[in-house]
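Single-letter residue listing:
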Amino acid sequence: MYCSKRDRKVAIIILIPFLAILFLFVYGFIGWSLRVSFSSWDSIVPNMKSVGLQNYIELFKTQRFRTDIRNTIYFTVFFIMICVVGGFFLSYLLYSTLKGEGIFRTIYLFPLSLSFVVTGVLWRWIFSPEVGINALYRMMGFKASFGWFTSTHRVAGFNVALIALIIAASWQYLGYTMAMFLAGLRGIPDQLIEVAQIDGAGEWMIIRKVILPIIKPITFSAMIVLGHISLKIFDLAYAMTGKGPAFVTDFPGLYMFETTFRGNHYNEGAAISIVMLLLVALVIVPYLATTLRGDAE
Amino acid sequence: MKSKRSIHILKYVLAIICALLFLFPLYVILNNSLKPFSEVRISEMWIPAKNPSFEGFAKAFDKLMQNIINSFILVIPVSILSMVFGSVMGFIFAKVKFRFNKILFALVIFGMFIPYQSILIPLVRSLNKIGLYGSLGGLIVTHIVYGLPISSLMFRNYYAKIPDELVEAGMIDGLELWGVFRQVVIPISMPTMVVVLIWQFTSVWNDFLFAVTLTQKPSIQPITVALQNLAGTQVIEWNVQMAGALIAALPTLFVYIFLGKYFIQGLLSGSVKG
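First to last, the protein sequences are chains A and B. Okay, so the first sequence: first residue is 1 according to my numbering, each after it adds one. Okay, so the second sequence: first residue is 1 according to my numbering, each after it adds one.
Don't take every hint at face value.
[To be verified] In the PhoX-like style, the derived pairs of lysine-lysine whose C-alpha atoms are separated by at most 25 Å in a straight line are:
| no. | chain 1 | residue 1 | chain 2 | residue 2 |
| --- | --- | --- | --- | --- |
| 1 | B | K11 | A | K209 |
| 2 | B | K161 | A | K5 |
| 3 | A | K216 | B | K59 |
| 4 | B | K161 | A | K209 |
| 5 | A | K9 | B | K59 |
| 6 | A | K49 | A | K61 |
| 7 | B | K59 | B | K161 |
| 8 | A | K243 | B | K4 |
| 9 | B | K129 | B | K217 |
| 10 | B | K4 | A | K5 |
| 11 | B | K102 | B | K161 |
| 12 | B | K97 | A | K99 |
| 13 | A | K9 | B | K102 |
| 14 | A | K61 | A | K243 |
| 15 | B | K261 | A | K99 |
| 16 | B | K4 | B | K161 |
| 17 | B | K11 | B | K97 |
| 18 | B | K63 | B | K217 |
| 19 | B | K4 | A | K99 |
| 20 | A | K9 | B | K161 |
| 21 | A | K49 | B | K129 |
| 22 | B | K63 | A | K5 |
[Said to hold, decoys possible] Over the 12 Å line for every Cβ pair with chain B, so calculated as not near, a few chain A residues:
| no. | residue |
| --- | --- |
| 23 | R35 |
| 24 | S40 |
| 25 | E58 |
| 26 | P189 |
For the record, the hints were derived by calculation from the structure and aren't laboratory data. From the three backbone atoms N, C-alpha and C, an ideal C-beta is built for every residue, glycine too.
Just need the whole structure built from these sequences, with the hints factored in.
If you want it as structure tokens, here you go:
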């Protein structure tokens, strides 16, 4: 777009303070955290003496942190899987049955407007071993003794206590993938489907050969967004379960918060936060690079 | 033809079953928040309230009143300023060509994906130094700054779709870029303004991490922290907890139900591409 030299100058002068503050708060602070993570600041009094990578080495030796990483990986995989498959299922139901779509969409999506804390408080009672689902089973005459998020069972390294958290998180975010997919499905030209139908393709065939390839990029974006949410998960676990017995429902976010602000182990907390940042960057940076390069004007 | 119809019916049935699955937690929350304390029994969470009462609501409201006010004091200025700053930044990134435009914008956007834990220690220290730690003011500043990426992204995506000719025509009429922004662009920015307002309202209302880290005194804590504290006590007054959860959820639920279209728009633009 045409823009005079003077206009451009004014624009840049306006932009600079915004960028200065934002970059200070983002990159300046990340740099600061990085320094803390290399320091020996292990009490209320700051001590920036460097100990190199010592804090990271210690961290990865800690049982708690190892459990956290494992929990994060399992949680992320199941959370994404349920949201993508379930979200597509819901969106396709709405796409192919026309009447009442608005109501269904509103219902599937409403949990997303809630705070993770509200979700956590609510689902904690639902999965509470004495009160919730178990009591419902007992009312129906079954024996129910599953500990849900208090269970310390483990299957192939997967803490089954996470199931309760995965269900609650999926309840909240299924609507998100549903909305993404629905927007994508709405964008498919009717003629394309009609042509396929004339060629004799059944519904299943159309889904596989026409719809899925078209919505593949949406699936990818959805996975990235969900993935970075679950890598950062904090509120939900904090409100619903806490770290749990033997850290069965613990995550790096909880560990960082507790060790830093309750235990004053600033160096350890900073190291955890940097590991979290690296995990998120691993997912987000390639995504941002391809997306922003893609929409050149 | 017959099988086609039965498939159609099956889809409806499935859609309804899914809807019920989504709604059953709502039954739990409503049912139990309406129970008087005398009906709160461990084995009876699922049984409908026999004598519905507002006892739980009254108690929860009493305990959370101040925190609801705090949340509004927090959310209103943050939403409005996010909208103002976001539109300025978004406009410049969308319509002014300068060196490093794209890379700078990418750096801005990255700010909305970072785990905030990675800036929390310096944030607490800095706010402490300038006397804003532990106050709503500090929380307001924090949310405005970290809201800049998403707000400017939403505006930039919107402005990128406005034809350059429209802006250029304004300049031919003798306006400067800034004048065009105010007189031509702002009046057609209404939809995105609503999206950003709603988005920031919802996410700041629902925020927990910043709130729990930056506010210690119960009297200035936002609603999410107060709710967590209320629910964290081991007393089994879950009628009060459920009522509290519902009260905390109501403002954003209202926004969602009445302005859902804009809410969804915001949601979809969160994935970078407009």
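Checked hints:
Using a Cα cut-off of 25 Å, the hinted pair B:K11 and A:K209 holds, with the two alpha carbons roughly 21 Å apart. For the proposed pair B:K161 and A:K5, the alpha carbon gap of about 23 Å is at most 25 Å, so the pair holds. For the proposed pair A:K216 and B:K59, the alpha carbon gap of about 50 Å is over 25 Å, so the pair is violated. Distance restraint check for B:K161 and A:K209: the Cα-Cα separation of roughly 32 Å exceeds the 25 Å cut-off, and the hinted pair is therefore not satisfied.
Restraint check: the Cα-Cα separation between A:K9 and B:K59 comes to about 58 Å, which exceeds 25 Å; the hinted pair is violated. Distance check on the hinted pair: A:K49 and A:K61 sit about 22 Å apart at the alpha-carbon level, within 25 Å; holds. This hinted pair does not check out: B:K59 and B:K161 have alpha carbons roughly 50 Å apart, beyond 25 Å. For the given pair, A:K243 sits about 50 Å from B:K4 by alpha-carbon distance, which is inconsistent with the 25 Å threshold.
For the proposed pair B:K129 and B:K217, the alpha carbon gap of about 18 Å is at most 25 Å, so the pair holds. Taken as a hint, the B:K4 and A:K5 pair is broken in the structure, with Cα atoms around 65 Å apart against an allowance of 25 Å. Under the criterion of a C-alpha separation no larger than 25 Å, the hint pairing B:K102 with B:K161 is consistent with the structure, at around 17 Å. Among the hinted pairs, B:K97 with A:K99 is inconsistent with the structure: their alpha-carbon atoms are about 47 Å apart, more than 25 Å.
Straight-line distance between C-alpha atoms of A:K9 and B:K102 comes to about 17 Å, which keeps the hinted pair within the 25 Å bound. Distance check on the hinted pair: A:K61 and A:K243 sit about 18 Å apart at the alpha-carbon level, within 25 Å; holds. Proximity of B:K261 to A:K99 is assessed by CA-CA distance (about 18 Å); at most 25 Å being required, the pair is judged to hold. Taking the CA atoms of B:K4 and B:K161, the gap is about 42 Å. The hint is violated against a cut of 25 Å.
The straight-line distance between the Cα atoms of B:K11 and B:K97 is roughly 51 Å, outside the 25 Å bound, and the hint therefore fails. At most 25 Å may separate the alpha-carbon atoms for a hinted pair to count; B:K63 and B:K217 meet this at roughly 14 Å. A threshold of 25 Å between alpha carbons decides the hint, and for B:K4 with A:K99 the separation of about 16 Å falls inside it, so the pair holds. A C-alpha spacing of about 23 Å is found between A:K9 and B:K161, which places the hinted pair at or below 25 Å, so the restraint holds.
At most 25 Å may separate the alpha-carbon atoms for a hinted pair to count; A:K49 and B:K129 meet this at roughly 21 Å. Between B:K63 and A:K5, the direct Cα distance comes to roughly 58 Å. Violation of the 25 Å bound is thereby established for this hinted pair. At roughly 9 Å from the closest C-beta of chain B, the C-beta of A:R35 falls inside 12 Å, breaking its exclusion from the interface. A cut-off of 12 Å between C-beta atoms confirms that A:S40 is not in contact with chain B; the least separation is 15 Å.
For A:E58, the condition that its CB be more than 12 Å from all CB atoms of chain B holds, with the nearest at approximately 18 Å. Every CB of chain B lies more than 12 Å from the CB of A:P189, the least distance being 20 Å, so the non-interface label holds.
In this structure, the earlier hints numbered 3, 4, 5, 7, 8, 10, 12, 16, 17, 22 and 23 are contradicted, and the remaining ones agree with it.
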